[in-house]
Structure formats: C-alpha cells, structure tokens
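Sequence order for the protein chains is A and B. The opening position of the first sequence corresponds to residue 268 in our numbering, with each subsequent residue numbered one higher. The opening position of the second sequence corresponds to residue 3 in our numbering, with each subsequent residue numbered one higher.
No false leads were mixed into what you were given.
Computed cross-link-like contacts, DSSO-like style, restricted to lysine-lysine with a CA-CA straight-line distance of at most 30 Å:
1) A/1038 - A/787
2) B/81 - A/317
3) A/284 - B/16
4) A/284 - B/62
5) B/81 - B/16
6) A/661 - A/787
7) A/745 - A/632
8) B/39 - A/317
9) B/39 - A/284
10) A/284 - B/81
By construction, these hints were calculated from the structure, which means they are not laboratory data.
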Amino acid sequence: MSEWTESARAELEQYLKRARARAGTGADSAEIVEDLRNHVHEEVAAAGIKIVTEEDVRRITARLGLPENPTEEPPRRLAPQPPVQPKEDRSGKGVGLGFLLFFGVILPAVTLGLELVTAMCAATLFDPIPTLFHTALVALVPVVNLLVWRALRTGQLASRDWYGWANGIAVGIGIFYSLLFLPITPIGLIAIIYLGFGLLPLAPLFGLVSTLFLRARLRSAGVGEGTSLPGLWRGIAIGVLAVAALNTPVWVTRINMQRVIAEDGVEEPAGLGWLRMMGDEETMLRACYGWTRGEVEFNPTEWLLSGRRVSPDEARLIYYRVTGHAFNTVPAPKLRTARGGTFAGLNEWTWDEDLGGEKVGGRIKGLTLHSSRLDALVENDAALAYCEWIMEFKNDSPTEREARAQILLPPGAVVSRLTLWVNGEEREAAFAGRSQVRQAYQQVAVQQRRDPVLVNTCGPDRILMQCFPVPRSGGIMKLRIGMSVPVTLDDAGQGIVRLPAFIERNFSIRETLKHSVWVKSKSGKLVCDLLSAANGASLQGQLRDRELASANSLIRVSRNTAALTAWTKDSRAAEPLAFVVQTLQRQNQSRPERVILALDRSTAAADVLSRNAMALASLVTNSACGIVVAGDREPEWLLKPDDHEGVSLEQITKRIRSIRCNGGFDNVPALLSAWDAAAKASNAVVLWVHGPQPVELSSTEPLFQRIERNGSDTDILSFQTELGPNYVLEKLDGRTHVRGMPRLGTVDEDLERLANSWNPNGGHWVRTLEKRTTKPDTKDSIEASDHLVRLWMRDELVRLRKAHRVGDAIPLATRYQLVTPVSGAVVLETAQQYRENNLTPSDPQTVPTIPEPSTFALIVMALITLVLMRRRTRGSVALSA
Amino acid sequence: MSDFFDNWTVQVRKGMLETYTLGTLAQKERYGYELVKMLVEMPGLSVSEGTLYPILSRLKAQGLVTTRLVESAEGPARKYYALTAEGRKVLRLMEDYLAEMAAGERKLRQKGASL
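Using the sequences and the hints given, assemble the complete structure.
Here it is as structure tokens:
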C-alpha cells in the first residue's frame, strides 16, 4: 500500500475538481471523478510508488489529461481550399514527420558518424567532439528525436513526460552546437544555394529546429487542453550545463592563459593559480604548437575570449610555469581525438616553427632516432678518452624535416669531429667562427634545402646539433659527433667517464630503440653497471635512452697510480717543436668564504629539496651564508646572510623541506639576489640547485652585467637535479664565472663530492695542461694521443675569452678543429658550398678516429706475422751460417 | 496543408472514439484501467486517459455498455465494462456503415480513374 502525503491528496482533489467541471452532458460526473480517482491509484500501484508526493500526482494527472470540454468550439472550419493530394506516407501524424525524421534524426546522426570516422571538422576547423562524453551528448539529439518521432508516429505516448524532459535536454545541446557552428552556417547555406550540397555544417541548426518542431507536436498530440509538456526550460538548462561542464576546463585554461600574458601583469598570479589548480594540460600543449587557422577563425569560443591571443612561445612559457616541465618532453598533441579515417595523415603533421633556429622546439611527428651507436676508446693512464656518437634519423612524415637536439657532453669534453654521410660517403666538417658556421648552415639548409649538419655549444658541456633535411617518407640521415673527453679522477687509481646523452630533442625515441655502446681501454680495467665486460679491457651493451644519462651508465676506469704525467706532440702548433704536457696532482682547496644557495621551487627540484635538505643545509651553516628561493614574482630569502646566528642545522633543514614546489619558476631573480649577496665577500660561490630551465622567463642580461662589470670572483655553480635544457646556462655560455657542476653520480654522491672539494683536508685531483718546447724527461711520463692537445686548446680558449681576446680565439679553435663557445662545426654537401661560405672542410687525415675492432685484430695479426717472419728469417740465417 | 490535415484527424478521432471503445469490448469484458490503457496505446487515436472516462460514462448511460465491480487485492475495487446486446448491435451497425463507406470510396475512385 502506498502512503499519500497531504499535498498529494490536495493535488488529486484539485485535479478531480477540474475534471468534474469538464465532465460534460450525458455523462455521470461523479462516476467519472471516481473512475479517474481509481485510475490514479492504479497508476501509483503500477509504478510501485511507496510514498506518493504532490509531484507524483502532478506527473500522473498531467499524462491523464482532463476530459475534453464539450462546450469548446468545434474544430475550426477552414476556408475552402483546393483539394489536397494525400501523400504516400500517411501513417504518421501528418505532413512534416518525414522531414523531421530526416533533419532531426538522419542528418545529425550521419554528420556525427562522418565526423567520428573522418574527423573532417576536427582536422580542418576545430574539434566539436574532443571526448567520448561530447560524442555521447551530441548523439543524444538524434536518439531523443527518433524516440519522440516514433512515439508520435505510433501514438504510444505513455512516456510523454519523459520525452518532454529528454527533448528539453536535446534542445539545450542543440542550442549550444548551433551557436558553435554559427560562423560556418553561412558557408553551408551558400554552398547549398550554389553547389547543391553543404548540409553537414547546418546539421546542428536543422537538428535544433527539428527538435523544437517535434516538441510542439508532442505537446499537442493526444493531450487534453491545459496540460503542458514538462521539461522545456529545465531540460534546456541541463543540456547547456552538461556541454558547458565538459568544456569548462578548456575555457578556464584559455581564459587564464590570457590573464597570465596580459601586459599589465596584474592578473598573472591569479591566472597562474587557476592554471596550476585546474588547467587543462592538453589545451596548453596544443597552444604550444600554435592553434590551427580553423580553431582561431571559426571557433566562437575564441571570439568570446577577449584580449590578446596566446602565441606558441607564450604558451610554452605558461606550460612550463604550470607543469614544471618543458612542453617538448611529452609527445606532440594529436590534432583530433583518437579516430582513424581519411584525414588521419593530418594527425601526424606538425608545423616546425623552429626550423634553422637556435631552439630545439616542439616534437616533430614522424621524426625518430632510427639507430644510435656509441664507440669510445679510453686511454686509462693518460686519463683521456675519445667518444664517437653515430646516429641515424628517420623521417616518416610527408615533409622534409630538421632533426635538432641538445646533447650533454661528458664533463669537460670538447667536440673535435663532425661527419655527415652524403649519398653513402663520409663528409667531414669545417670548423670556423660560431656565426660563420650558422650563417652557412642557414643558407644551405633553410634556403637551398640541401644536406648540412651544424654543431654549436649551448652552455657548459652542452651542444646543439641540427641537421636538415631528413628526407621525407622514410628517408634517413646519418651523422657522427666525435668528442675528446678528459677522465674525471676520483683518486689517482680510478677515474670516471660519463657517456653523452640527449638533453632535449625534437624527435621521438621509440621504447624499443637502444643505444649500442662499445668502450675499449688501451690499458687497464673498465667497469660499468649496465654494460657487460668482454674481458676487463672492453665493455659493450645496449642501453635505453633513459639509462644512457643515468648514474648507472658511468664507466669507472682503473689506471696506474704512478702515471701522473702525460705528453703529446702538438702537430698543429705554429712553432716547429711543441709539446703539450699534462700533470695530475692532488690539491687542497679552501672552502668559499660565503656560499649562497639559490634554490629552484619548480616541480623538478621538489624531490631533491625534500630528500637532500640536510646535505644542502650543511653547506650553509656558516652565518655568512644564505638561502634564497625562486618565486613567481620576487625571490624569497629563507636564510639571510649574516642574520642567522644561532639557527641550527635542523632548523635550516626544516626550512628547506618546507618549500612548496609546484609548477615552474623563473630562477633569474633569485640568482640576481644570490649573486648580490655573495659578491659582498671576496671568495664566494652561488650554488644554484635547480631543475631544467627550458624557457627564458626573464632576461639574463642583468646577471651577465654583474658578472662582467663587478670584477668580483664570485662563481655561479649550477647543480641541475635532472637532465634537461637550461636557458640560463645557454645565455651565459662561455662566461668563465658560470660553471655547470659535473653530475657523476646520484644527488647524494655529487653533493658529497662538492662538500669534499671544499674541505681543506679533502684533497681534489686537478689536471694541469701546459705547452712546452720539450717533452718531459721523467721516467713515468707516458705519451698520449692528440686529444691531449685538443683538451689543452679548449682550456687555452677559455683563458683567451677571459682575457677578452675572442679575435685570437676563433682562428685557434678553427685550426685545432674544435667546437667551443666561439666556434662551431658545419658539414656542407658540396665543395662549392664550402667556397661560397669561405669555409674549408677538415682533412680526413687530420680528424680523430677510433680503430674498428677488426682493425685492432688486423694490427695484432700483422704484428704476429712480422714477429714470425723475423724469427724465420733469423732461423734461416742461422741455418745458412 | 498541415492545419487542414490536423483538423481532419481531430474530427475523425472524435467520430471513431466510441466505435473503438465498443470494439475493444467486443471479445470480452475489461476493467476500466486496462481498457483505457489499450485505447491510449492504440496507434493514431492519440487520446488521453482523462478523455475516455466521460465516453465510457455516456456509453453506459445510453445502455451500450454495462459495468460490474470486482474486489481487488491490489487496491480499490475494479470496474469491469462489458457490451450489452444493444451495444453489440450498435457496434455491428457502425462497422457495416464504415465498410460501406470504404467500399463507396473505392468505387468512386475507380470510377474517377476510368473516366
């Protein structure tokens, strides 16, 4: 039994009262009222309603309707009209149902299906159904229209109230999409008028009109007077709100991106706050690659957003500030949602705005690292190595592409060889002034679209490699970068070689691709956690890209502890007889008088600040030291120099741990504050602990000015927590007071290594390279390879730059064939191109090489043959004697 | 054109309501709720439940249908409707009349076509 509320009873009585009044003549009004009452009770029982509310009664009686009033006017008489020829399909509710079926059901359904399959609109204009939820909402319109149409056609209107609500929601969705497509509606109309087709862009509008017509028919069909169809306004509100809710993250993101770039900057913090809280990463990523023309010109959402449009460069800044990582660390966004079809090719297309430029830029779809091979030869006792990286790029896109990458060199290494394979032949690079090689590259690559490759430095131990064009549709481009590497000594008997690795790249590396690594020692043992030792003197293995840069891929080199002097003849020297002599010695260094920690607050540094807080704190316990933290606007002093007498190590550690890291931050203001504070002391260091700095948030010029003009000996030591680009180091490339701290292990190990280097009793192995006219006469001195000369010249160029003698440095770098902050390397395709650019390619006889394993075998076999031949000759001489 | 057709269907529906109501009871007696539901769901009739009870009341007053109450365990007593002999006679007359009308219309159309 059901329970009736008072208001439900009152509502029923009201209805019955109205019914009694309309019972008409010839009928028993009391009986009708009783029958209707029973009918309502039957409905309640059939619906299984336990507690009957006023709303329930209203719903039921609305469907029941009132008896038709007999006093009503009979159907109005029509003026005489010409006879109407009945149509074939008269089974429905009248003229128009066929049209409503076509425009309200078939056209929207076909349009949706076409968009799902071909993504025509998404690829050429904007994506109207970016998610499955959007698709479901749009599909609701033809589905609801079909149900209402069928009910009208068959007269089965038992669920009329539900249809009313569903129709209202469909109207709401229809209104939204009609407005979205409004800008292209005129195009559709013109196309229909002149070409006879173009219905698809009009589908939302026609769908909406049909939905409204169906509602009108639903309201009038078989319903007594005074009974309305529920759910129009509330249904519209639900429909519009549902679509709006789906789009809210995108709108919030785009509105707040504009707030961030507003020129007055007043709303920047609030905008960033919103983006960090609920910004849509996909939307920001799309903005980093630039909006399509259709998105800009035809999406009314864009029109409603006031203010300046966010450029790709601005979007890249915002992306970093919000997420804390560079936009090109993730794959480029798809133009449309995951749907296959005719326009699938467009999904694999990206415009390369950075072609020929000095930025790595966005990921290029279809461009991949096809193969990678690293060969190294270690001279253990001379503490030297030479490493060659041969890589092949493959381009599966339909356009010629430029491959670009920033590469982290082994600490202290210098690029001494660059080779490009042109039509299967090796072409060696020309070394010259930095601007000269870039100009040649841009002329040949970008203007003539021929085969060059360019390598320049982009910060301490960093180079930018770019090659163009990687041929389209599966074409491959192959190049080699050779580097002379100093072995970093941990102690006299052991050194470390770190392999080069990609910092930033515009191509993809498939999960299955592995770098093939082979390392050979001239004498002594090599050990690496990830490479297998063939016999103690060589290592080989396959490394994934993430392994290449990890602490596990470090190669530990055993060496003779007595080998502290090495020398080689400088065959390129202007003097007739010149030698470069290397001396390895242990030196005690004094701790800097003042250490200022400049800490990054970005997400990438969070882990280190939390886990290594105590190690960092222990570097600044001296009251002259300080800690400054990067902020969105102003840096924040966590520990002011000369102002923390009595603050314990634990308290400093706690303060470091309390730093809230979220997104990406501009570190330059913090560096300026740190430098100003540090420069007050005579022997100071700014230790900058930070994550990657992929974008230039503010100019480094004030920092450069301080370094150049102040005359202080303050050093900036960059300690990067994880591999990635660093625009501050790029901008300060070649400045002698800015150094990247070599990462030779985990953060713990490297911080300990740094602390030890500041320990007056800790000792520190220092390599001294000098030029002499005679070779050393000590019996332990060993002859080393030409790489010793190259490393000496690298140091010499630093000295010349420090003395503002760049004019002298460029010819020397060119002669010794090195890539340095003043010089670069470029490979061009033809001799004419070299002549036109006033460049001379390296003589293949003068470039460094690594003997192939087969060459080693041949040498050994030749030696054995020679020994045997000599023995045989002696034997035969003895016999003849 | 649409108005004309709408107007025509309203008149046809009104004229046919009694015929269909009687027709639904031709086979067996039915209780009110069931009868009304059947008529409401009938294709093309497009009638609301509230409209049918006055018709049933008028048909009863004219002696064409009769009613009886049967107690129900699920709710109020159910009112069963059944055709009277007079009701059956009227239904037959109605059906004959409609058949004659349809045949006449067919003849008229054939005649028009042969001219």
